[in-house]
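K.L.:
Now for the letters of each chain:
2 protein chains.
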Amino acid sequence: MSMHDVIRGLLEPAKTKIVLLVADGLGGLPIEPGGKTELETARTPNLDALATEGTVGLSTPVAPGITPGSGPGHLGLFGFDPLQHDIGRGVLEALGIGVEVGPNDVAIRGNFCTIDAEGRVTDRRAGRIPTEVCEKLVEKLRVIKIDGVEVLVEPVREYRLVVRFRGEGLGDAVADTDPLSTGLHTLAPKATDPGSEKTAKVAAEFLRQAKEILKNESPANFLMMRGFAKFPQIATMEEAYGLKAAAIAVYPMYRGLAKLVGMTVVDPGKTIQDQFEVAKQNWDKYDFFFIHYKYTDSTGEDGNFAKKVEVIEALDAALPALRALNPDVLIVTGDHSTPSRMKSHSFHPVPTLLWAPATSRPDLVTTFGERPALQGGLGQFLAKDLMPLALAHAGRLQKFGA
Amino acid sequence: MSMHDVIRGLLEPAKTKIVLLVADGLGGLPIEPGGKTELETARTPNLDALATEGTVGLSTPVAPGITPGSGPGHLGLFGFDPLQHDIGRGVLEALGIGVEVGPNDVAIRGNFCTIDAEGRVTDRRAGRIPTEVCEKLVEKLRVIKIDGVEVLVEPVREYRLVVRFRGEGLGDAVADTDPLSTGLHTLAPKATDPGSEKTAKVAAEFLRQAKEILKNESPANFLMMRGFAKFPQIATMEEAYGLKAAAIAVYPMYRGLAKLVGMTVVDPGKTIQDQFEVAKQNWDKYDFFFIHYKYTDSTGEDGNFAKKVEVIEALDAALPALRALNPDVLIVTGDHSTPSRMKSHSFHPVPTLLWAPATSRPDLVTTFGERPALQGGLGQFLAKDLMPLALAHAGRLQKFGA
Chain R
2 MSMHDVIRGL
12 LEPAKTKIVL
22 LVADGLGGLP
32 IEPGGKTELE
42 TARTPNLDAL
52 ATEGTVGLST
62 PVAPGITPGS
72 GPGHLGLFGF
82 DPLQHDIGRG
92 VLEALGIGVE
102 VGPNDVAIRG
112 NFCTIDAEGR
122 VTDRRAGRIP
132 TEVCEKLVEK
142 LRVIKIDGVE
152 VLVEPVREYR
162 LVVRFRGEGL
172 GDAVADTDPL
182 STGLHTLAPK
192 ATDPGSEKTA
202 KVAAEFLRQA
212 KEILKNESPA
222 NFLMMRGFAK
232 FPQIATMEEA
242 YGLKAAAIAV
252 YPMYRGLAKL
262 VGMTVVDPGK
272 TIQDQFEVAK
282 QNWDKYDFFF
292 IHYKYTDSTG
302 EDGNFAKKVE
312 VIEALDAALP
322 ALRALNPDVL
332 IVTGDHSTPS
342 RMKSHSFHPV
352 PTLLWAPATS
362 RPDLVTTFGE
372 RPALQGGLGQ
382 FLAKDLMPLA
392 LAHAGRLQKF
402 GA
Chain C
2 MSMHDVIRGL
12 LEPAKTKIVL
22 LVADGLGGLP
32 IEPGGKTELE
42 TARTPNLDAL
52 ATEGTVGLST
62 PVAPGITPGS
72 GPGHLGLFGF
82 DPLQHDIGRG
92 VLEALGIGVE
102 VGPNDVAIRG
112 NFCTIDAEGR
122 VTDRRAGRIP
132 TEVCEKLVEK
142 LRVIKIDGVE
152 VLVEPVREYR
162 LVVRFRGEGL
172 GDAVADTDPL
182 STGLHTLAPK
192 ATDPGSEKTA
202 KVAAEFLRQA
212 KEILKNESPA
222 NFLMMRGFAK
232 FPQIATMEEA
242 YGLKAAAIAV
252 YPMYRGLAKL
262 VGMTVVDPGK
272 TIQDQFEVAK
282 QNWDKYDFFF
292 IHYKYTDSTG
302 EDGNFAKKVE
312 VIEALDAALP
322 ALRALNPDVL
332 IVTGDHSTPS
342 RMKSHSFHPV
352 PTLLWAPATS
362 RPDLVTTFGE
372 RPALQGGLGQ
382 FLAKDLMPLA
392 LAHAGRLQKF
402 GA
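Same order as they appear, the protein sequences are chains R and C. Residues in the first sequence are numbered consecutively from 2, following the numbering used here. Residues in the second sequence are numbered consecutively from 2, following the numbering used here.
A portion of the hints provided could be inaccurate.
Remember, identical chains collapse to one label, so a pair may be satisfied in a single copy or spanning two.
Unchecked claim - Simulated crosslink set (SDA-like; lysine to any residue; CA at most 20 Å straight-line):
#1 K212 x G270
#2 K37 x T367
#3 K400 x M343
#4 K37 x Q376
#5 K137 x T42
#6 K344 x L11
#7 K216 x Q376
#8 K308 x A192
#9 K18 x A322
#10 K260 x H86
#11 K400 x S345
#12 K400 x L12
These are calculated hints, taken from the structure and not from any lab test. Quick caveat, the model's predicted, so the values are computed rather than measured.
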């Protein structure tokens with residue numbers, strides 16, 4: 002029996018509220034030997050108070066040593082094993098620019114490229130054309146019509162775009178058309194299972210029309226398709242946990258990920274203060290609030306230790322407004338670590354706190370940080386184990402067995 | 002999807018070096034209530050420095066409460082779940098005396114025994130004949146020839162020997178011929194699956210000739226066969242992790258185990274200083290170095306607490322030469338605990354340190370030992386999770402998902 006089956010059998014109604022505050026890429030590293038991490042350096046009196054009253058620990062997003070992308074990182078926090086639920090590349094690219102992907106859709110990453118007179122690829126990225134050129138070319142591609150399928154084309158940036166086909170019977174088992182090196186012809190879209198033959202035909206027709214439209218452009222006179230992907234088969238938060246869930250996220254990727262698990266995306270405003278205010282305004286309508294804070298990740302990716310410290314302090318300063326809503330369970334964590342020293346996502350466990358005034362068993366930890374979290378009551382755990390804990394602390398799970 | 006499948010999909014080339022230094026049976030116990038373990042007693046400034054700069058924790062070789070043999074203990078450290086990969090008894094016995102076991106081989110443990118005139122077993126161990134007698138009898142058995150199969154016989158010690166059949170179509174599903182108590186006839190070798198019929202026939206012919214050869218010997222006038230085993234189906238370090246791996250181990254068993262996962266066995270010299278020097282000489286040729294140190298186990302097995310402390314200190318004193326090679330990742334651990342108080346392998350978790358100057362997240366631990374390791378950043382983990390961590394710290398794994 003899967004953990005989700007167990008949980009579903011134990012759910013009971015409650016009026017409690019759960020907040021999952023994800024500070025993207027929260028975990029970090031010291032820059033100097035023996036030094037402090039970003040979170041340990043930041044002055045965070047409000048997070049420290051929550052850590053003191055609640056329980057802390059370290060979350061492993063996917064598995065030891067695995068550096069997650071945003072998709073697997075968030076699926077884990079939503080309680081789904083990221084190793085069991087694959088979100089295809091095309092879907093993620095679409096979500097990242099706010100393109101909806103529904104059950105009848107196949108989303109595809111497109112790359113503009115340059116081909117020579119014989120059709121051989123001479124540049125797989127079309128000289129990295131500027132985003133404005135990409136937008137103009139995508140505008141031209143919008144005239145493409147294919148019988149029985151709705152076609153959407155959207156620019157991403159530089160040479161990248163998203164293509165979405167909507168229609169019945171569209172499988173996503175279609176191989177990339179990128180030959181992966183220059184001097185070769187692009188490949189015809191080829192179905193690798195019978196259920197994807199229609200998608201392969203549609204893609205071939207799309208490429209035929211696109212080649213005609215782009216033939217006089219330079220350097221982007223064709224495109225390649227990669228990462229054909231359907232909406233993943235995954236339960237909604239309501240189906241899995243009986244939760245009406247709202248997503249309050251500024252960036253499209255995270256709103257898209259929330260939609261994958263059936264959350265309602267609420268207009269978040271612009272700042273974290275706005276997001277907490279939006280939570281307040283919607284407090285009675287939902288059981289679960291996913292609030293996403295991007296800047297702990299982007300400053301880490303930039304390698305800006307001081308700035309990451311600053312945005313952590315800004316998040317901390319805003320927290321009293323969230324706490325004033327009196328959630329029954331408040332979790333603060335990240336979908337992965339993004340140490341500014343590494344300028345990238347990393348595999349390091351993520352400091353996590355779970356504050357539930359009615360049921361938290363406090364540990365001895367009084368500050369929020371990577372080293373203190375090692376001594377915490379949550380121990381080191383897999384991210385997917387957080388949701389059952391949240392439901393339990395929210396009084397939403399009956400006893401298992403008699 | 003298995004963890005190995007995940008890892009294989011994420012591998013990326015790197016020039017980094019990983020060292021896995023296995024101090025066999027490293028973990029211990031205090032002799033007196035409240036006392037220190039062997040490792041805690043030992044003066045280990047170099048290990049302590051690595052613990053301070055790196056991250057420590059405790060490795061559970063197989064599963065809680067399970068005392069591993071050397072086979073499962075090492076398989077776990079090499080990243081293979083010992084519960085999923087069985088190394089047959091015959092193969093381990095062969096490896097232990099340096100007999101090669103290849104894909105076309107079946108290795109079998111032999112016991113000399115005594116039978117009476119009616120063929121009934123009167124002593125299952127032939128009065129524990131001395132090793133010299135065993136060697137002479139094995140010499141006599143070397144005349145045995147069987148059509149279509151290459152036969153190898155090697156003494157182990159006392160009444161124990163190894164038989165290896167090499168040839169096509171030899172399965173290993175053959176039941177032991179040991180009746181398990183005296184007064185009974187030895188059993189005929191019986192295949193328990195169709196693919197092992199040939200092996201059963203070959204074994205029967207071997208036993209027929211052996212009985213003839215040994216009939217006038219006393220007390221060892223026959224032998225029984227146990228633990229028929231083939232080379233296990235297991236990926237090599239190169240297949241699983243893209244690593245060119247060298248094994249620098251003095252004892253045959255550990256060289257054999259390393260060969261099972263495709264490591265190249267390098268002549269180790271005699272002392273740990275030699276082994277580190279050999280690592281230096283081969284530094285450019287390999288990505289991964291498995292260095293095995295036996296004496297932490299053998300002193301534990303002897304129940305010699307003071308001597309175990311001494312060999313730990315000797316290992317520590319040699320360490321600067323290894324550290325001077327500037328590995329990107331250096332792991333110091335054991336394949337299991339061997340507390341001198343128990344004079345045997347045990348199920349206790351094994352103190353482990355992972356030092357990776359570019360990516361280690363330091364914890365608050367500044368000495369290497371069982372109690373300090375409990376506070377460490379690696380937490381308590383399964384041995385099989387170490388390899389993914391090592392690869393991650395060595396910059397050899399891409400991001401999982403987007």
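K.L.:
Could you figure out if K400 and S345 sit no more than 20 Å apart (CA to CA) within one copy, between two copies, both or neither?
P.N.:
between (42 Å within a copy, 10 Å between copies)
K.L.:
How would you classify K18 and A322 at a CA-CA limit of 20 Å: within, between, both, or neither?
P.N.:
within (15 Å within a copy, 49 Å between copies)
K.L.:
With 20 Å as the alpha-carbon cut-off, assign the pair K37 and Q376 to within, between, both or neither.
P.N.:
both (16 Å within a copy, 17 Å between copies)
K.L.:
Evaluate K216 and Q376 at a C-alpha cut-off of 20 Å and name the case that applies: within, between, both or neither.
P.N.:
neither (63 Å within a copy, 64 Å between copies)
K.L.:
As a check of your reading, is K400 near L12 (CA-CA no more than 20 Å) within one copy, between copies, both or neither?
P.N.:
Only inside one copy: K400 and L12 sit 10 Å apart there, 35 Å across copies, limit 20 Å.
K.L.:
Using 20 Å as the alpha carbon limit, work out where K212 and G270 are close: within a copy, between copies, both or neither.
P.N.:
Neither, since 41 Å and 66 Å both go past 20 Å.
K.L.:
At most 20 Å between alpha carbons: which applies to K308 and A192, within, between, both or neither?
P.N.:
neither (47 Å within a copy, 66 Å between copies)
K.L.:
For K260 vs H86, is the C-alpha pair at or below 20 Å within one copy, between two copies, both, or neither?
P.N.:
Only inside one copy: K260 and H86 sit 15 Å apart there, 36 Å across copies, limit 20 Å.
K.L.:
When no copy is specified for K137 and T42, does a C-alpha distance of 20 Å or less occur within a copy, between copies, both, or neither?
P.N.:
Neither, since 46 Å and 72 Å both go past 20 Å.
K.L.:
Pop the pair K344 and L11 into one bin, within, between, both or neither, using alpha-carbon distances up to 20 Å.
P.N.:
So K344 and L11 pass the 20 Å test across copies only (19 Å; inside, 42 Å).
K.L.:
Is the C-alpha distance from K37 to T367 at most 20 Å within one copy, between copies, in both cases, or in neither?
P.N.:
both (16 Å within a copy, 16 Å between copies)
K.L.:
Between copies, within a copy, both or neither: which fits K400 and M343 at Cα up to 20 Å?
P.N.:
between (44 Å within a copy, 13 Å between copies)
In summary, the numbered hints that this structure violates are 1, 5, 7, 8.
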